[in-house]
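S.K.: Okay, here's what each chain looks like letter by letter:
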Amino acid sequence: MALTARRQVLETEPLATAKTAKVAAHGVTVFYADKQALEDVSMDIRGHEVTALIGPSGCGKSTFLRCMNRMNDTIAICRVEGEILVDGVDIYGPGVDVVHLRARIGMVFQKPNPFPKSIFENVAYGPRIHGLAENKVALDDIVETSLRRAGLWDEVKDRLNEAGTGLSGGQQQRLCIARAIAVSPEVILMDEPCSALDPIATARIEELIDELREKYTIVIVTHSMQQAARVSQRTAFFHLGVLVEQGDTEQIFTNPVEKRTQDYITGRIG
Amino acid sequence: MSKWAAPTGVSLADCAQARLRGRYRAERRFRYCGIAAICLALGMLGVLFATILAQGLPVLTQTQIGLDVAFAPGILDPDGTGEAETLARADYRKLARNALRTVIPEASGRRDKRALAKMLSIGAEEELRDAVLADPTLVGQTKRIWLTAGADFDALNKGTIARTGAESDRRLSDKQIAWFDALDANGQVRRAFNSRFFTAGDSREPELAGVLGAVVGTLYALAITLLLAFPLGVMAAVYLEEFAPKNRWTGIVEVNINNLAAVPSIVFGLLGLAVFLNFFGLPRSAPLVGGMVLALMTLPTIIIAARASLKAVPPSIREAALGIGASPMQTVTHHVLPLAMPGILTGTIIGMARALGETAPLLMIGMVAFIADIPSRVTDPASVLPVQVFLWADAPERAFAERTAAAILVLLTVLVAMNLSAVILRKKFERRW
Chain A
1453 MALTARRQVL ETEPLATAKT AKVAAHGVTV FYADKQALED VSMDIRGHEV
1503 TALIGPSGCG KSTFLRCMNR MNDTIAICRV EGEILVDGVD IYGPGVDVVH
1553 LRARIGMVFQ KPNPFPKSIF ENVAYGPRIH GLAENKVALD DIVETSLRRA
1603 GLWDEVKDRL NEAGTGLSGG QQQRLCIARA IAVSPEVILM DEPCSALDPI
1653 ATARIEELID ELREKYTIVI VTHSMQQAAR VSQRTAFFHL GVLVEQGDTE
1703 QIFTNPVEKR TQDYITGRIG
Chain B
4 MSKWAAPTGV SLADCAQARL RGRYRAERRF RYCGIAAICL ALGMLGVLFA
54 TILAQGLPVL TQTQIGLDVA FAPGILDPDG TGEAETLARA DYRKLARNAL
104 RTVIPEASGR RDKRALAKML SIGAEEELRD AVLADPTLVG QTKRIWLTAG
154 ADFDALNKGT IARTGAESDR RLSDKQIAWF DALDANGQVR RAFNSRFFTA
204 GDSREPELAG VLGAVVGTLY ALAITLLLAF PLGVMAAVYL EEFAPKNRWT
254 GIVEVNINNL AAVPSIVFGL LGLAVFLNFF GLPRSAPLVG GMVLALMTLP
304 TIIIAARASL KAVPPSIREA ALGIGASPMQ TVTHHVLPLA MPGILTGTII
354 GMARALGETA PLLMIGMVAF IADIPSRVTD PASVLPVQVF LWADAPERAF
404 AERTAAAILV LLTVLVAMNL SAVILRKKFE RRW
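Chains as they are written, first to last, in the working numbering: chain A, 1453 to 1722; chain B, 4 to 436.
Rather than coming from a laboratory, the hints here were simulated on the basis of the structure.
Ideal Cβ positions, reconstructed from N, Cα and C, are used throughout, including at glycine.
Keep in mind that a hint or two might mislead.
[Said to hold, decoys possible] List time: in silico DSSO-like cross-link candidates among lysine-lysine, alpha-carbon distance up to 30 Å:
| id | chain 1 | residue 1 | chain 2 | residue 2 |
| --- | --- | --- | --- | --- |
| 1 | A | 1588 | A | 1569 |
| 2 | B | 97 | B | 161 |
| 3 | A | 1487 | A | 1711 |
| 4 | B | 116 | B | 161 |
| 5 | B | 146 | B | 121 |
| 6 | A | 1563 | B | 430 |
| 7 | B | 146 | B | 116 |
| 8 | B | 97 | B | 121 |
| 9 | A | 1563 | B | 249 |
| 10 | A | 1563 | A | 1609 |
| 11 | B | 97 | B | 146 |
| 12 | B | 116 | B | 178 |
| 13 | B | 146 | B | 178 |
| 14 | B | 121 | B | 161 |
| 15 | B | 249 | B | 178 |
| 16 | B | 314 | A | 1563 |
| 17 | B | 430 | A | 1609 |
| 18 | B | 97 | B | 178 |
| 19 | A | 1487 | A | 1563 |
| 20 | A | 1667 | A | 1563 |
| 21 | A | 1563 | B | 431 |
| 22 | A | 1588 | A | 1609 |
| 23 | B | 249 | A | 1487 |
| 24 | A | 1569 | A | 1609 |
| 25 | A | 1569 | B | 314 |
| 26 | B | 431 | A | 1609 |
| 27 | B | 431 | A | 1588 |
| 28 | B | 97 | B | 116 |
| 29 | A | 1569 | B | 116 |
| 30 | A | 1588 | A | 1667 |
| 31 | B | 161 | B | 146 |
| 32 | B | 430 | A | 1569 |
| 33 | B | 121 | B | 178 |
| 34 | A | 1487 | A | 1569 |
| 35 | B | 314 | B | 431 |
| 36 | B | 314 | A | 1487 |
[As the list claims (entries may be wrong)] Among chain B residues calculated to face chain A with C-beta under 8 Å, some are:
| id | residue |
| --- | --- |
| 37 | 249 |
| 38 | 320 |
| 39 | 342 |
Given these sequences and hints, build the entire structure.
M.R.: Here you go:
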């Protein structure tokens, strides 16, 4: 009964329309013990768009990404200040269920990390623990839809019972994307999803990201400025823990306001 | 090649070559040292095993003496009632001695008779009674029955006892040896499989002593140990590794667990004596208490091993599970624990193997007592294998020496069986990522 209620909550969440802020961060400041990693970051992430976070290593972009589904909670020494609103609700506020939050805001990691289980089990795990499928048929259906959306179905449909870890790197990463979308999240966070992949696999993932934009809001951290330019509509540039500049991708890459942004995209700092 | 030559014209290549040869020599020396060390270790192990086997294997057979026993109704059932109770209480010693005296009539004096009686084990009476009770029609007949020989005659037959030398220094007199040889020449001596060693409990008589009581005691104690230490240890490790905040208190707990693993086992025995026996009043000498003490001793080992293998599970698996909204507990039970299980099992087996060989703490809680019965409950008094080895090694009778070796063999067999099952379990649980 509780599970059905939760499902309805998941389904009846108001669909954020384009141009409205799906996620809004206000004054987010993060410390790892005494070391400040992010300082006063405020930005809006619009629904059904791809937002790219760029910047040199250690600039805090991954930290910011991990604030959005509270993955930083798992690091004991990490302290987050400020507020992050998802659909107007502060996710760091009291009474927020982290487990439910992470089901709404999925995540794809830098290194493909499928479970050491079968391909089917990898995708079915999320729906199963959240009770999204009433029976085996519905579960099969979710697995197939998720794998189709991740563009992996045709490659694995005959070997769903084989180990997910036996796939190639690019396939593993698409499996992780399928696993993330199987629980019908609203936002998908991607932490350098292509950094461990070859150019062809990268191109496939990029295509996929563009398709997924229709249904999900996507935030992607990337080291590759070309990738940011190719897949995103909005771009935010971080440097030394500070959000330097944000704006439409085209504007950031062609006509940045800040000099530091200019220097970074032309390769002078980084 | 010339591209890489030193520009100054000094031939670096030559001295580099010399150094390289030196390095190869050093490497070879190192390898030979390693091989020599392994050979030495294997050789020692071989000597050890050869000694134990040579000592222990004779226990597999037991000398028996075949006597034509006259089941005289006058001794067995003077009133002719034929009741089982009367038969059970009859004087079988007399029966056995009469049978011996018929074969060796020359033993006439008191001393001779006593020396002759030593030829049969005390257990021979029981064997005769069992034969009669199994088949009451024997009464009144004369039948050849194979009876267990006394320990000294068993040793004589196996050649482990001296036949020559000063008579006063020997366990058996010339007369006794002559009687035995006469029986042997007559085909009345044989060596049969010693099933009693595997089916009986301890005994004061070496030829009647068996190892089953200690084996059962060991299995009970280890079962208790496993039941207590494994769940407690795994849960403690999971909490400390996955859930506990990293602060001073968990630091203190961690240091203490590591220290406990190094505490001498006899201290745990004292603890068991003080707490389990004196305070809680649990039964003495019981496998239940032994298992509890051994569990205390094994717990730190299991916790440390389990924490190490939980730590070895890649954090990416935890992130993956948490990232799709698994609760911390689901993350642990569905993903982390199964991946850590092979390592946890290995640690558990190492701990259990240590518990299996432990004697000192069990001495403190009274498991060193002489117990002839095979325990049927965990609260029955019992012994365990290492303590049994200790007891037999301590016994004055010469024949207990070979039983000591045989008990060591049984102990090692149990150990190997345990390790084997661990390997099988490991293989079953092992998964790659």
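S.K.: Against this structure, judge whether each hint is valid.
M.R.: Checked hints:
A hinted pair counts as satisfied when its Cα atoms are at most 30 Å apart, and residue 1588 of chain A with residue 1569 of chain A qualifies at roughly 18 Å. A distance of roughly 28 Å separates the Cα atoms of residue 97 of chain B and residue 161 of chain B; the hinted pair therefore holds under the 30 Å criterion. Simply put, residue 1487 of chain A and residue 1711 of chain A have alpha-carbon atoms about 26 Å apart, close enough for the 30 Å limit, and the pair holds. For a cut-off of 30 Å, the pair hint linking residue 116 of chain B to residue 161 of chain B stands: about 24 Å separates their Cα positions.
The suggested pairing of residue 146 of chain B with residue 121 of chain B holds, with an alpha-carbon distance near 21 Å, which does not exceed 30 Å. With a C-alpha separation of about 27 Å, the suggested pair residue 1563 of chain A and residue 430 of chain B falls inside the 30 Å cut-off, and the hint holds. Our distance criterion of 30 Å between C-alpha atoms is met by residue 146 of chain B and residue 116 of chain B, whose separation comes to about 22 Å. Restraint check: the Cα-Cα separation between residue 97 of chain B and residue 121 of chain B comes to about 13 Å, which is no more than 30 Å; the hinted pair holds.
Distance restraint check for residue 1563 of chain A and residue 249 of chain B: the Cα-Cα separation of roughly 27 Å lies within the 30 Å cut-off, and the hinted pair is therefore satisfied. Only pairs whose Cα atoms come within 30 Å are accepted, and residue 1563 of chain A paired with residue 1609 of chain A is accepted, the gap being roughly 23 Å. At most 30 Å may separate the alpha-carbon atoms for a hinted pair to count; residue 97 of chain B and residue 146 of chain B meet this at roughly 16 Å. A C-alpha spacing of about 11 Å is found between residue 116 of chain B and residue 178 of chain B, which places the hinted pair at or below 30 Å, so the restraint holds.
In summary, the hint linking residue 146 of chain B to residue 178 of chain B is supported, as the alpha carbons are separated by about 27 Å, within the 30 Å threshold. Between the alpha carbons of residue 121 of chain B and residue 161 of chain B the distance comes to roughly 17 Å, so the proposed pair stays at or under 30 Å and holds. A hinted pair counts as satisfied when its Cα atoms are at most 30 Å apart, and residue 249 of chain B with residue 178 of chain B does not qualify at roughly 80 Å. For a cut-off of 30 Å, the pair hint linking residue 314 of chain B to residue 1563 of chain A stands: about 19 Å separates their Cα positions.
For the hint pairing residue 430 of chain B with residue 1609 of chain A, the CA-to-CA distance comes to about 29 Å; that is within 30 Å, so the pair holds. About 22 Å separates the Cα atoms of residue 97 of chain B and residue 178 of chain B, which keeps this hinted pair within 30 Å; it holds. Restraint check: the Cα-Cα separation between residue 1487 of chain A and residue 1563 of chain A comes to about 26 Å, which is no more than 30 Å; the hinted pair holds. A C-alpha spacing of about 24 Å is found between residue 1667 of chain A and residue 1563 of chain A, which places the hinted pair at or below 30 Å, so the restraint holds.
The hinted pair formed by residue 1563 of chain A and residue 431 of chain B meets the criterion: a straight-line CA distance of about 28 Å does not exceed 30 Å. Of the pairs offered as hints, the one joining residue 1588 of chain A and residue 1609 of chain A holds, with about 17 Å between alpha carbons and a cut-off of 30 Å not exceeded. The suggested pairing of residue 249 of chain B with residue 1487 of chain A holds, with an alpha-carbon distance near 18 Å, which does not exceed 30 Å. The hinted pair formed by residue 1569 of chain A and residue 1609 of chain A meets the criterion: a straight-line CA distance of about 16 Å does not exceed 30 Å.
Proposed proximity of residue 1569 of chain A and residue 314 of chain B is supported: the alpha carbons are some 20 Å apart, at most 30 Å. Pair hint residue 431 of chain B plus residue 1609 of chain A holds up; C-alpha atoms about 27 Å apart against a cutoff of 30 Å. A hinted pair counts as satisfied when its Cα atoms are at most 30 Å apart, and residue 431 of chain B with residue 1588 of chain A qualifies at roughly 27 Å. Among the hinted pairs, residue 97 of chain B with residue 116 of chain B is consistent with the structure: their alpha-carbon atoms are about 12 Å apart, no more than 30 Å.
Taking the CA atoms of residue 1569 of chain A and residue 116 of chain B, the gap is near 78 Å; set against the 30 Å cutoff, the hint is violated. A C-alpha spacing of about 25 Å is found between residue 1588 of chain A and residue 1667 of chain A, which places the hinted pair at or below 30 Å, so the restraint holds. Only pairs whose Cα atoms come within 30 Å are accepted, and residue 161 of chain B paired with residue 146 of chain B is accepted, the gap being roughly 26 Å. A threshold of 30 Å between alpha carbons decides the hint, and for residue 430 of chain B with residue 1569 of chain A the separation of about 16 Å falls inside it, so the pair holds.
Using a Cα cut-off of 30 Å, the hinted pair residue 121 of chain B and residue 178 of chain B holds, with the two alpha carbons roughly 12 Å apart. At roughly 38 Å between alpha-carbon atoms, residue 1487 of chain A and residue 1569 of chain A are farther apart than 30 Å, so this suggested pair is violated. This hinted pair checks out: residue 314 of chain B and residue 431 of chain B have alpha carbons roughly 21 Å apart, not beyond 30 Å. At most 30 Å may separate the alpha-carbon atoms for a hinted pair to count; residue 314 of chain B and residue 1487 of chain A meet this at roughly 25 Å.
Satisfaction of the interface hint for residue 249 of chain B is found here, the shortest Cβ-Cβ separation to chain A being roughly 6 Å, below the 8 Å cut-off. For residue 320 of chain B, the suggested interface contact is upheld, since its CB lies about 6 Å from the closest CB of chain A, less than 8 Å. Taking 8 Å as the C-beta cut-off, the interface hint given for residue 342 of chain B holds, the closest approach to chain A being about 7 Å.
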